[in-house]
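Novice: At position 43 of the sequence shown the residue is numbered 43 (our numbering), and the sequence of numbers has no breaks.
Any given hint could turn out to be false.
Distance windows between CB atoms, simulated [claimed, not checked]:
no.	residue 1	residue 2	range
1	505	97	31 to 39 angstroms
2	441	155	53 to 61 angstroms
3	188	440	37 to 45 angstroms
4	49	188	16 to 24 angstroms
5	552	454	52 to 60 angstroms
6	123	146	32 to 40 angstroms
7	454	352	47 to 55 angstroms
8	308	78	19 to 27 angstroms
9	252	582	52 to 60 angstroms
10	123	400	46 to 54 angstroms
11	488	94	42 to 50 angstroms
As a list, the in silico DSSO-like pairs of lysine-lysine whose alpha-carbon atoms are at most 30 angstroms apart [unchecked claim]:
no.	residue 1	residue 2
12	266	331
13	291	487
14	331	425
Derived from the structure by calculation, the hints contain no laboratory data.
All C-beta atoms in this analysis are idealised placements derived from N, C-alpha and C, irrespective of residue type, glycine included.
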Amino acid sequence: ADEGMWLLKELNKQSIARMQELGFTFPIDKVYDEQNSSLKDAVVIFGGGCTGVAVSEKGLVFTNHHCGYGAIQKLRSVERDILKDGFAAADMSSELPSDGLAVSFVRSTVDVTDMIMSQIPSMLSEVQRQQVIDSISRALTEQYRDEEFTQARVVPFYAGNQYYMVVYDVFRDVRLVVAPPSSVGKFGGDTDNWMWPRHTGDFSAFRVYADANNKPAAYSEDNVPYTPKYVVPVSLAGFKENDYAMTIGFPGTTQRYLSSWGIQRKIDSENKPRIEVRGAKQEIWRDAMNKSDAVRIKYASKYAGSSNYWKNSMGMNEAIANLGVVKEKEKIEKELGQWIENNPEAKAKYGNTLASLKEAYESTTEGALHSTYFMESFRNGIEIMRFANTLLAFDVNNTEKDKEDFINDRILNSYKDYEPELDKKVLPVMLSLYASRVPAENLPDIYDTINDEFGGDYQKYAEWLFNNSKFTNLDDLMVLLKQEDNKGILEDPAMKLALSVRDKGYEISSTMFASYESILKAEREFMAALMEMNPDFAYSPDANFTQRLSYGTVKGYEPRDGVWYNYYTTTQGVLENETPGDPEFNVQPEILS
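Let the sequences and hints guide you as you build the complete structure.
Specialist: Spelled out as structure tokens, the structure:
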């Protein structure tokens, strides 16, 4: 593919010409037209972080199986395990409402750069600058705040050198239509995740419903299938090598303009500790899931979410090394440094940018490492601590209605998919791993308690905590939440762990704040300098979960010496990879037959 994730609104003549050269024949105004229906109106945000596409005038939306995975998991039970066995609605009346799932259609995308930049005073610190931007952004989106089914957000591009306001229509009545069995939708599991080509049937289908006026609405039996402004036709013609190919979607995050120092810190201080900690946690989860269908069902979506970025981090580090990315970045930085030095106007603006960037990243390498271990071990590792942090927001003095809403919205769903005995196994592993990787001054004071009262035995501490905490049992927790004060909540062993960790987290973050502020400022200047140095170069902005287009042609590729991957896979490969007893490569007998 030609590199870049392009904003549809900003497709330039250079990109369009290249697309046409590769075989693009569609009228460009059918891809993006601000005033009329176009492809932009068919490609949607699915859930909180995925892409979908409207393929019928009755609101049918296709997305990935892994994107629908959380919704499918919520609709399953041990008796009716649609996560494992799949699901297909016989008709619209048998479609399954997916509570909490939303599909968002883009209403408008407006460049608000001048509105923001013109109101930023000079000589502000980076934090003050961001506070001004946040204030202006709130003012810009204020007009949509009272619209129940509308979301508006102001999004930075090019490291804060450009801003767009994107407005979405949010549909909250979404129903499951089709889901393949997991042995199709997740065939290959973690082993094949982030690998191409693969043999995964990674799809699912949902239907979006609207009110009688075709407007977004809360779930109701009276709702009708939504009629999208634009529908993408489904072709059964297939494709062949060198055919033009194009994707439109909402990619999450990229950092293609990150400096060499930023990349090195990401490798050493973010990806490596994430790989280690998540690997340890996932091994415990996976063992329990393989032994119990009930645990597998509860933890399927959580495991998939954790392992997705775990595998991504491993692949990222490998690709950075294999492609020599750091050396390529160093070449760009050397060229930029020479341009700044030879250009008086640029030197006045950017004379300290590269040195500041280098110093800021290198001074936070160790701190970022400890911070990642902290985040992955505690915030992402120990579930009972997350429950405790949620309970800190519970107000015993609220109205009964507010308290009931809090319990229904924040507590019950989380506990439905919680297994205390499994979390009890994770806790000592996380405590031990963290303590072995950071200096003593970065240990929360709960470690003093563990040393003094449990002889430093993390296993004994975990046993005691889970035997004495009311947070491990929903019935016991409900009793606590009905008390007249929050004394019982604050004195619970799990809450004491959470508060100790929270306090240390604030301390760790505060020591790095000044350097992070320097990084934000220097990265913004670095990006601006690059664009000034090469004004004719077509820069595609980093992904930030806004609608983007990428294009290229259908081809195989050579991942390493002596290996060739074709541009498609077949069911024969499924049969060749099928491994009875292996949860990643097991195919249900009825599918094989």
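Novice: Checking against the hints above, which ones are violated?
Specialist: 2, 9, 13 and 14
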